[in-house]
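Going line by line, the protein sequences match chains Y, L and S.
With the numbering used here applied, the first sequence covers 1 to 65.
With the numbering used here applied, the second sequence covers 1 to 323.
With the numbering used here applied, the third sequence covers 1 to 342.
Just so you know, nobody snuck in bad clues.
If you anchor each label on the Cβ, the simulated ranges turn out as follows:
hint, chain 1, residue 1, chain 2, residue 2, range
1, Y, Arg49, L, Tyr226, 39 to 47 Å
2, S, Asp39, L, Asn319, 45 to 53 Å
3, L, Asn91, Y, Leu51, 42 to 50 Å
Don't read these hints as lab results, they were simulated from the structure.
The beta-carbon is built from N, C-alpha and C at its ideal position, and this holds for glycine as well.
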Amino acid sequence: MYARRRFALLKSLLEYVGIESDRIHFTWISSAEAGKFQEKAKEIVEKVRKLGPAKKLVKDIRPKN
Amino acid sequence: MLKEYTEQIREVAKRLLKDKVVDCVIGYRKGTVPMLDAPYIAYTEEEADNLIWSSFCVSNLAKFLIGRKGKSAIVAQGCISRSIVNLINENQVKRENVYIIGVWSPGMVDRRKVLEKFYDKEILEVEEDGDELIVKGKDFEGKEFEERISKNEVKRDNCFTCMHRNAVIYDEFVGEKGEETGGGNIDNVAAPWEKLSFDERWEAFRETFGSCIRCYACRNVCPLCYCSVCFVDESKPQWCGKTQDEADIFTFHILRAFHCAGRCVDCGACESACPMGIKVRRLTSKLEKDVRELYGYVPGLEIGAKPPLAVYRPDDPENFITP
Amino acid sequence: MVKVLKKDQIESFLSKLKENYELYGPKKKGFEVEWAKLDGSLLFDFKNSSLSPKSFFFPQTECMMHFKNDPNDPEGMIMKPEPELDSKRILFNIRPCDAKAFSLLDKVFMKDEASLDVYWKDKRDKTILIGLGCNNPSPTCFCLSVGCGPFSEEGLDVLAVDLGDRVLFKGITERGKEIISSLDDAEESDIKNAEELKKNAESKITRKVELDNILSKEILEVYEIPLWDRIHETCLNCGACTFYCPTCHCFDIQDEVQGDYGRRVRNWDTCMSWLFTQHASGHNPRGTKKDRVRQRFMHKFKYIPFRLNGEIGCVGCGRCIVRCPVNIDVRDVVNQMNQQLK
Numbered sequence: 001m002y003a004r005r006r007f008a009l010l011k012s013l014l015e016y017v018g019i020e021s022d023r024i025h026f027t028w029i030s031s032a033e034a035g036k037f038q039e040k041a042k043e044i045v046e047k048v049r050k051l052g053p054a055k056k057l058v059k060d061i062r063p064k065n
Numbered sequence: 001m002l003k004e005y006t007e008q009i010r011e012v013a014k015r016l017l018k019d020k021v022v023d024c025v026i027g028y029r030k031g032t033v034p035m036l037d038a039p040y041i042a043y044t045e046e047e048a049d050n051l052i053w054s055s056f057c058v059s060n061l062a063k064f065l066i067g068r069k070g071k072s073a074i075v076a077q078g079c080i081s082r083s084i085v086n087l088i089n090e091n092q093v094k095r096e097n098v099y100i101i102g103v104w105s106p107g108m109v110d111r112r113k114v115l116e117k118f119y120d121k122e123i124l125e126v127e128e129d130g131d132e133l134i135v136k137g138k139d140f141e142g143k144e145f146e147e148r149i150s151k152n153e154v155k156r157d158n159c160f161t162c163m164h165r166n167a168v169i170y171d172e173f174v175g176e177k178g179e180e181t182g183g184g185n186i187d188n189v190a191a192p193w194e195k196l197s198f199d200e201r202w203e204a205f206r207e208t209f210g211s212c213i214r215c216y217a218c219r220n221v222c223p224l225c226y227c228s229v230c231f232v233d234e235s236k237p238q239w240c241g242k243t244q245d246e247a248d249i250f251t252f253h254i255l256r257a258f259h260c261a262g263r264c265v266d267c268g269a270c271e272s273a274c275p276m277g278i279k280v281r282r283l284t285s286k287l288e289k290d291v292r293e294l295y296g297y298v299p300g301l302e303i304g305a306k307p308p309l310a311v312y313r314p315d316d317p318e319n320f321i322t323p
Numbered sequence: 001m002v003k004v005l006k007k008d009q010i011e012s013f014l015s016k017l018k019e020n021y022e023l024y025g026p027k028k029k030g031f032e033v034e035w036a037k038l039d040g041s042l043l044f045d046f047k048n049s050s051l052s053p054k055s056f057f058f059p060q061t062e063c064m065m066h067f068k069n070d071p072n073d074p075e076g077m078i079m080k081p082e083p084e085l086d087s088k089r090i091l092f093n094i095r096p097c098d099a100k101a102f103s104l105l106d107k108v109f110m111k112d113e114a115s116l117d118v119y120w121k122d123k124r125d126k127t128i129l130i131g132l133g134c135n136n137p138s139p140t141c142f143c144l145s146v147g148c149g150p151f152s153e154e155g156l157d158v159l160a161v162d163l164g165d166r167v168l169f170k171g172i173t174e175r176g177k178e179i180i181s182s183l184d185d186a187e188e189s190d191i192k193n194a195e196e197l198k199k200n201a202e203s204k205i206t207r208k209v210e211l212d213n214i215l216s217k218e219i220l221e222v223y224e225i226p227l228w229d230r231i232h233e234t235c236l237n238c239g240a241c242t243f244y245c246p247t248c249h250c251f252d253i254q255d256e257v258q259g260d261y262g263r264r265v266r267n268w269d270t271c272m273s274w275l276f277t278q279h280a281s282g283h284n285p286r287g288t289k290k291d292r293v294r295q296r297f298m299h300k301f302k303y304i305p306f307r308l309n310g311e312i313g314c315v316g317c318g319r320c321i322v323r324c325p326v327n328i329d330v331r332d333v334v335n336q337m338n339q340q341l342k
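The task is simple: from the sequences and hints, build the whole structure.
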């Protein structure tokens with residue numbers, strides 16, 4: 001319940017700086033809802049995959065070649 | 001008018017020090033650089049004669065109350081008194097150890113705005129005269145100039161939209177209470193990036209914060225940043241890189257803004273302290289707007305108020321949740 | 001060797017130099033002044049750059065070496081150095097105080113063979129400094145009190161003087177003289193003009209900083225003056241003064257790892273941070289704000305002169321005075337230090 005408030009603010013802030021909203025998800029799942037967990041995980045991975053690799057807020061120290 | 005405030009603050013300070021009501025008085029003294037008045041702590045009646053009140057008092061004095069022993073008096077206008085309320089609510093400062101000398105703020109001048117106006121000259125002295133500033137200096141050929149500008153044009157962004165110019169709590173109020181608001185509407189100007197697309201927002205964010213040199217002036221001047229070990233100083237594990245890589249700089253600013261969520265009173269000290277002139281308030285004002293709209297909470301107005309992130313209501317907005 | 005160049009011929013002079021060097025100079029950005037690649041013109045109407053040019057020799061983030069943790073790769077498991085600077089550079093219109101700061105830092109980074117800083121040396125060897133004398137010092141300048149001056153030549157290859165419609169160049173080092181050798185010789189009147197400007201500039205710096213007691217008394221005596229109990233109270237312990245200062249040179253080295261690739265980076269650090277002196281055991285020799293603020297002033301005005309034969313660790317550029325968010329003025333602090341040691 002406390003997390004709900006914090007998460008609302010965090011998602012709003014990250015979207016405000018330009019991170020696409022489909023990259024940040026929050027959902028209610030209890031430890032007894034294994035099926036829902038699997039479903040949600042697949043769904044969210046699909047959504048993020050559609051957006052392509054993240055380019056913002058990414059630190060890559062490897063040389064470009 | 002501000003000269004009267006100065007006189008009265010000095011009187012009050014001398015009285016408090018003489019009667020040993022407080023050990024010291026925290027206020028401002030005249031700076032050695034135009035348009036910047038410095039925080040000053042006076043311990044004797046003689047030193048109290050250095051205290052002033054002006055439109056150039058841009059730090060946040062509440063910071064100096066943290067960890068202070070004994071009883072201190074502090075000169076506080078609206079935003080500073082709200083910071084003090086915040087610190088009392090978070091148990092960093094005891095109410096009985098602070099004697100608040102309440103005062104009205106005329107709205108502080110953003111010195112960078114004045115420097116921008118005279119970008120091709122050197123400003124040597126700035127005086128206040130009612131609603132105007134008299135700017136004196138020399139151009140690069142050595143020719144002197146003197147010009148009057150309206151204070152309104154060069155006020156700090158947050159002072160325009162201020163809703164509490166008079167101190168909200170005080171033990172003694174100095175002078176007359178002045179106009180309560182700054183005249184601007186915060187909802188018109190907070191969060192200007194909301195109108196942009198995601199990529200445009202990222203570009204605006206990069207441009208605003210890209211010149212950060214990680215001096216941490218913004219963090220150190222903020223009275224809310226009092227953690228004994230800030231997250232950037234953690235090394236096991238390291239939360240935030242220390243290099244000038246973009247991702248490191250942005251992580252620092254996003255996380256710092258988030259740590260002030262629901263607590264920031266928009267005093268503008270972070271923006272005034274930044275030596276690079278970064279508009280640090282772009283992030284904190286967005287959070288302040290969210291907290292006001294989603295949870296109806298304005299920080300720093302009530303002693304004993306519960307922090308918004310430490311409580312919840314069953315009907316808190318849930319529209320961001322993936323169903 | 002003293003030469004002169006008319007200002008309308010600067011562009012052709014620069015384009016000839018561009019064939020062999022990368023050219024950098026100050027550029028105005030609003031009221032701030034930044035260092036940028038030159039595009040054909042030189043800026044003369046400015047006081048000093050916002051950030052000092054020390055990043056040309058000591059970048060804020062510098063990769064020192066990299067490595068790959070892969071025993072099967074013939075290039076793996078070996079620490080590889082970063083490539084050296086690939087082109088020679090000239091910095092135009094650098095102020096004499098900044099140049100003196102580099103000559104001071106040479107004594108730190110290139111003290112002897114055993115402790116030679118190769119990253120610093122490589123960049124210094126490949127960069128020529130052309131300084132611009134200050135005709136109009138700022139009210140925050142106090143270079144004369146700390147062994148420098150508006151027309152000081154220390155650390156410069158060439159000293160330029162703005163004479164209005166033309167620029168006088170005085171060659172100081174061999175490589176500096178080579179750069180200006182193709183220009184016309186200066187007339188007697190030009191040289192006299194430059195002398196006048198120098199005298200005028202020196203008389204304009206009225207604010208003095210007194211150091212005689214600080215330099216002559218014992219270190220422990222300076223350490224124990226009552227000033228330190230007051231001055232630290234309003235300091236924010238941020239790093240603004242350190243990062244803007246041309247002589248500050250402390251850094252922190254870290255290793256960063258990603259997958260099987262790693263690199264060792266050096267970042268600017270500041271003695272104003274408590275983390276700077278934190279030991280792994282948990283002990284911190286400069287654990288209080290008083291210790292750290294005292295350290296800053298004692299390092300610049302006592303420890304450095306003590307270790308480097310009287311060189312003062314400050315060049316009087318005044319950047320810290322302008323950038324400090326709470327206006328802790330180094331001139332006031334040092335004068336008070338001197339007073340309290342009488």
